[in-house]
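Asker: Listed here are the chains, written in short residue letters.
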Amino acid sequence: MSQTHLDLLEAESIHIIREVMATAENPAMLYSVGKDSAVMLHLAMKAFYPNKISFPLMHVDTTWKFKEMIQFRDKIVSDLDLDLIVHINEDGVKKGVGPFTHGSTIHTDVMKTQALKEALDKYSFDVVFGGARRDEEKSRAKERIFSFRTDKHQWDPKNQRPELWNIYNVKKHKGESIRVFPLSNWTELDVWQYIYKESIPIVPLYFSEKRPVVKRDGVFILVDDDRFPLDKGETPMLMDVRFRTLGCYPLTGAVESTAKTLLDIIQEMLISITSEREGRIIDFDNLESMEKKKQGGYF
Amino acid sequence: MSADVEKYLIDQENKELLRFITCGSVDDGKSTLIGRLLYESQLIFDDQLSELKSTSKKVGTQGDEIDFALLVDGLSAEMEQGITIDVAYRFFSTDKRKFIVADTPGHEQYTRNMATGASTADVAILLVDARTGLLPQTCRHSFIVNMLGVKNICLAINKMDLVDYSQQVYDQILNEYLEFSADLNFKRIVSIPISALKGDNIISISNNTDWYSGESLIQYLENVNFNIDDEPQPFALPVQWVNRFSHDFRGFCGLVSEGSISEGDEVIVKPSNKRSEIKKILVSDKYSSNCSIGESVTIELADEIDVSRGDIICHKDSSCDSVQQFQGKLLWMDDEKMVPGRPYIFRFGVDESSGSVSRLRHRININTFADEACNDLELNEIGIANIALDKKIIMEPYTKSKTLGSFIIIDKMTNNTVGMGLVNFALRRDDNVYWHKMDINRNSRSESKNQKSVVLWFTGLSGSGKSTIANILEKKLYNLGKHTMLLDGDNVRHGLNKDLGFTDVDRVENIRRIANVSKLMLDAGLITLVSFIAPFRSERDLAKDLMGNDILEVFIDVPIEIAELRDPKGLYKKARSGLLKNFTGIDSAYEKPENPDIHIKSDKVSAEEAAEIIIKKLLQDSVI
Numbered sequence: 120m121s122q123t124h125l126d127l128l129e130a131e132s133i134h135i136i137r138e139v140m141a142t143a144e145n146p147a148m149l150y151s152v153g154k155d156s157a158v159m160l161h162l163a164m165k166a167f168y169p170n171k172i173s174f175p176l177m178h179v180d181t182t183w184k185f186k187e188m189i190q191f192r193d194k195i196v197s198d199l200d201l202d203l204i205v206h207i208n209e210d211g212v213k214k215g216v217g218p219f220t221h222g223s224t225i226h227t228d229v230m231k232t233q234a235l236k237e238a239l240d241k242y243s244f245d246v247v248f249g250g251a252r253r254d255e256e257k258s259r260a261k262e263r264i265f266s267f268r269t270d271k272h273q274w275d276p277k278n279q280r281p282e283l284w285n286i287y288n289v290k291k292h293k294g295e296s297i298r299v300f301p302l303s304n305w306t307e308l309d310v311w312q313y314i315y316k317e318s319i320p321i322v323p324l325y326f327s328e329k330r331p332v333v334k335r336d337g338v339f340i341l342v343d344d345d346r347f348p349l350d351k352g353e354t355p356m357l358m359d360v361r362f363r364t365l366g367c368y369p370l371t372g373a374v375e376s377t378a379k380t381l382l383d384i385i386q387e388m389l390i391s392i393t394s395e396r397e398g399r400i401i402d403f404d405n406l407e408s409m410e411k412k413k414q415g416g417y418f
Numbered sequence: 012m013s014a015d016v017e018k019y020l021i022d023q024e025n026k027e028l029l030r031f032i033t034c035g036s037v038d039d040g041k042s043t044l045i046g047r048l049l050y051e052s053q054l055i056f057d058d059q060l061s062e063l064k065s066t067s068k069k070v071g072t073q074g075d076e077i078d079f080a081l082l083v084d085g086l087s088a089e090m091e092q093g094i095t096i097d098v099a100y101r102f103f104s105t106d107k108r109k110f111i112v113a114d115t116p117g118h119e120q121y122t123r124n125m126a127t128g129a130s131t132a133d134v135a136i137l138l139v140d141a142r143t144g145l146l147p148q149t150c151r152h153s154f155i156v157n158m159l160g161v162k163n164i165c166l167a168i169n170k171m172d173l174v175d176y177s178q179q180v181y182d183q184i185l186n187e188y189l190e191f192s193a194d195l196n197f198k199r200i201v202s203i204p205i206s207a208l209k210g211d212n213i214i215s216i217s218n219n220t221d222w223y224s225g226e227s228l229i230q231y232l233e234n235v236n237f238n239i240d241d242e243p244q245p246f247a248l249p250v251q252w253v254n255r256f257s258h259d260f261r262g263f264c265g266l267v268s269e270g271s272i273s274e275g276d277e278v279i280v281k282p283s284n285k286r287s288e289i290k291k292i293l294v295s296d297k298y299s300s301n302c303s304i305g306e307s308v309t310i311e312l313a314d315e316i317d318v319s320r321g322d323i324i325c326h327k328d329s330s331c332d333s334v335q336q337f338q339g340k341l342l343w344m345d346d347e348k349m350v351p352g353r354p355y356i357f358r359f360g361v362d363e364s365s366g367s368v369s370r371l372r373h374r375i376n377i378n379t380f381a382d383e384a385c386n387d388l389e390l391n392e393i394g395i396a397n398i399a400l401d402k403k404i405i406m407e408p409y410t411k412s413k414t415l416g417s418f419i420i421i422d423k424m425t426n427n428t429v430g431m432g433l434v435n436f437a438l439r440r441d442d443n444v445y446w447h448k449m450d451i452n453r454n455s456r457s458e459s460k461n462q463k464s465v466v467l468w469f470t471g472l473s474g475s476g477k478s479t480i481a482n483i484l485e486k487k488l489y490n491l492g493k494h495t496m497l498l499d500g501d502n503v504r505h506g507l508n509k510d511l512g513f514t515d516v517d518r519v520e521n522i523r524r525i526a527n528v529s530k531l532m533l534d535a536g537l538i539t540l541v542s543f544i545a546p547f548r549s550e551r552d553l554a555k556d557l558m559g560n561d562i563l564e565v566f567i568d569v570p571i572e573i574a575e576l577r578d579p580k581g582l583y584k585k586a587r588s589g590l591l592k593n594f595t596g597i598d599s600a601y602e603k604p605e606n607p608d609i610h611i612k613s614d615k616v617s618a619e620e621a622a623e624i625i626i627k628k629l630l631q632d633s634v635i
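Going down the list, the sequences are from chains A and B.
Read in order, the letters of the first sequence correspond to residues 120 to 418 in the working numbering.
Read in order, the letters of the second sequence correspond to residues 12 to 635 in the working numbering.
Be aware that one or more of the hints could be misleading.
The calculated lysine-lysine pairs, modelled on DSBU-like cross-linking and capped at a C-alpha distance of 30 Å, are [stated by the list, open to error]:
#, chain 1, residue 1, chain 2, residue 2
1, B, K493, B, K615
2, A, K379, B, K107
3, A, K316, B, K290
4, B, K486, A, K291
5, B, K402, A, K290
6, A, K236, B, K423
7, A, K379, B, K413
8, B, K486, B, K628
No lab work stands behind these hints: they were computed from the structure.
Based on the provided sequences and hints, a complete structural model is requested.
Answerer: Shown next as structure tokens:
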């Protein structure tokens with residue numbers, strides 16, 4: 120039988136990862152702990168098989184991630200014997216930057232965007248893998264698979280290299296870097312289908328469970344630790360919820376759901392009426408928010 | 012319930028993947044069509060739909076109706092301008108297939124983006140506005156899609172609602188197109204009357220076109236046979252990366268570009284032509300008895316032979332070959348034009364080499380398809396050229412193998428992708444010119460003169476003092492008993508380069524000849540002083556490429572105002588008055604060297620002092 124679309128997507132992603140291996144000086148994989156990162160990591164392991172992955176994973180920890188994400192991350196890293204770099208913007212921590220005190224925009228900029236730039240400068244990675252997909256959002260539909268960044272980590276939408284066939288231009292001057300997105304051509308459904316087909320482990324937060332939440336601006340937010348500023352007399356509600364995307368817990372909305380298995384999740388997704396990014400609060404800023412963040416160096 | 016989901020997943024898993032490109036002119040309705048396909052295949056979620064409805068009212072062009080184009084127009088600049096300025100990839104699926112759509116702009120100046128989209132497409136949907144019929148862009152796009160080897164064309168005659176669904180209009184456009192495309196290599200052309208805005212013949216057959224008996228657009232996309240490509244080629248695996256696991260495991264990784272192979276089959280490794288057998292095959296991370304085109308594999312060979320990135324493991328019948336000179340078709344994609352002789356990097360799938368266009372045969376006018384004489388290629392121009400690489404690369408004609416016959420062209424300075432190309436055929440000339448090996452070589456010649464031979468390449472504006480300084484320097488070297496030669500721009504132009512003028516093309520050729528003459532002087536063991544304006548960095552790089560470490564770039568730096576004040580030959584005056592065209596510094600650029608080996612500010616030091624500085628450097632480098 121001829122190759123299915125998943126076979127073709129897998130072959131393409133492995134080809135991309137190996138192309139980096141063959142040409143980059145100091146590559147790393149940005150590992151966000153989410154489902155896309157899980158798939159990307161799985162593909163990297165295939166690309167290297169029977170060897171183990173030779174580059175480090177890098178996690179930019181905003182210090183506000185879900186506890187379960189950190190537990191899962193550490194377990195995966197030890198189970199698979201991987202090399203992990205955790206980077207935290209210590210300056211931001213010292214200044215006490217957080218989503219509750221500084222709002223989502225400043226928090227994301229300082230603890231995520233700035234932290235990422237800091238980490239890239241510190242370790243001088245010349246090529247960094249990211250798990251972004253073109254179907255996620257309009258401005259990403261035009262993103263290259265090999266996306267060139269200036270020495271200031273800037274993305275210039277007007278000045279991206281044309282990408283023909285599967286020949287990638289990996290040339291760069293000193294200090295410049297390339298972000299590589301092996302999952303560019305995957306859709307959300309492809310990702311879930313592949314997780315199911317390959318039994319890839321994912322963070323339990325994707326599955327429904329009774330969790331303590333409160334409602335903020337119409338969105339259910341998990342009370343993940345005692346830094347959560349509850350209103351006077353407020354007690355969290357115990358609800359069956361799960362998460363469709365993962366990030367900083369105060370900025371990630373939970374959805375009411377009883378989906379406890381992968382098949383439940385996929386079924387829910389197929390009949391769902393809201394798209395994946397709705398749970399991400401940072402997207403609501405304005406029409407072209409993602410495009411602006413990318414120009415500023417956000418992945 | 013979850014049994015249903017499981018069945019659904021299994022069905023979904025076995026879908027095929029079809030990549031297609033949509034092309035057409037600016038207002039033919041491409042974005043609207045893709046928006047409609049996404050909408051109809053129900054991949055628009057409710058929150059996207061409500062955002063779309065509100066944006067439609069704000070910036071849409073359809074009044075209170077949904078503007079589907081907004082679903083696909085991503086970047087803010089194009090939302091403002093109302094045109095698509097880059098290739099966007101979109102995804103949707105039906106029960107039978109999954110689709111990746113390359114949405115490409117129709118504007119003339121963005122031809123390069125269309126070629127980008129077409130490079131990975133199996134099918135092209137060509138949109139034509141029923142009211143205007145075929146436009147020059149329609150022909151241009153057909154030409155590019157054809158050049159990139161797309162075999163299936165769907166002519167979607169759009170906006171049928173605005174011509175009262177007239178069969179006569181439809182037939183006329185179709186016939187015109189068939190006549191026009193007869194010379195192209197399309198295997199199958201299907202045409203469909205549609206209205207992307209109203210939805211006619213998109214999903215199901217419309218009652219408005221009862222005279223039409225074919226498929227709807229979606230039916231076409233679900234059923235079209237896109238693997239109609241020719242007979243299967245012999246196996247070829249371009250080696251992308253060598254995976255060394257332990258001392259007894261060497262896996263050769265890559266994406267199979269042609270054919271298929273099984274365990275135990277005999278293979279040849281090119282260019283070494285060593286033979287071996289397939290020992291084991293990993294498809295992704297699973298052992299398999301065979302593998303075929305499109306799979307990412309790791310292959311172990313039975314014998315320990317040397318294989319590295321850029322080599323090709325192939326079946327003995329494969330005709331791919333190691334080639335240094337070839338004829339190709341180029342599409343230029345950069346604002347700075349392509350000039351023959353200028354060095355670029357030619358990047359193939361797994362290998363690359365610097366090289367240059369040795370001869371630009373002609374360009375193709377994509378409105379008339381006529382061959383036209385030309386000296387260079389500008390943005391979006393297509394040309395036929397002979398290309399000379401600095402080393403051999405394994406390739407095939409593009410018509411035989413898209414993977415082994417395609418390349419991109421990279422600018423050496425900016426690292427940008429400035430062009431793309433397809434291999435037409437190999438030129439064998441290089442095989443017949445052997446380097447004559449000589450017993451007395453450059454080292455013996457320079458040693459006998461008690462010096463190291465080197466080229467001192469003086470560059471700077473006219474009037475910067477290059478020739479004056481070079482003259483003094485040569486006298487000093489002569490007095491030290493050194494053997495020298497001075498090549499002066501003006502003098503060479505009287506003899507060897509008498510036939511050359513001052514256009515960009517001639518300047519490149521001028522420098523190429525000088526560089527090669529200097530190389531001969533270098534081999535003769537001489538300290539060679541070359542004094543030319545050499546205004547373009549890329550041409551100086553050409554000289555550096557040729558000479559390697561044996562060239563010192565001497566930048567005689569002077570502000571243009573001072574050079575103009577000196578004006579020893581009265582040339583600036585002539586240039587200012589318009590009597591002299593293409594004069595460096597006035598109406599032709601001078602690109603300063605970025606890292607000259609010797610930097611002399613001739614408005615700060617005398618010519619005598621400058622010569623001393625250079626002597627010092629030569630002593631330092633033990634040249635003298």
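Asker: Keeping to a limit of 30 Å between CA atoms, is the pair of K379 of chain A and K413 of chain B held or broken?
Answerer: 46 Å, violated
Asker: Under the criterion that the straight-line Cα-Cα distance not exceed 30 Å, is the pair K486 of chain B, K291 of chain A satisfied?
Answerer: With Cα atoms ~43 Å apart, K486 of chain B and K291 of chain A exceed 30 Å; violated.
Asker: For the pair supplied as a hint, K236 of chain A and K423 of chain B, confirm whether the alpha-carbon distance does not exceed 30 Å.
Answerer: Between K236 of chain A and K423 of chain B the Cα gap is close to 27 Å, so the pair holds against 30 Å.
Asker: Tell me if the straight-line CA distance from K379 of chain A to K107 of chain B falls inside 30 Å.
Answerer: OK: K379 of chain A and K107 of chain B at ~29 Å, within 30 Å.
Asker: Assess, step by step, whether the Cα of K486 of chain B is no farther than 30 Å from the Cα of K628 of chain B, and give holds or violated.
Answerer: 16 Å, holds
Asker: Please verify whether K402 of chain B and K290 of chain A have alpha carbons no more than 30 Å apart.
Answerer: 19 Å, holds
Asker: Checking one constraint from the list: CA of K493 of chain B to CA of K615 of chain B, max 30 Å. Satisfied?
Answerer: 28 Å, holds
Asker: Is K316 of chain A close enough to K290 of chain B, meaning Cα to Cα at most 30 Å?
Answerer: At roughly 28 Å apart (the allowed maximum being 30 Å), K290 of chain B and K316 of chain A satisfy the hint.
The structure shown violates the earlier hints numbered 4, 7.
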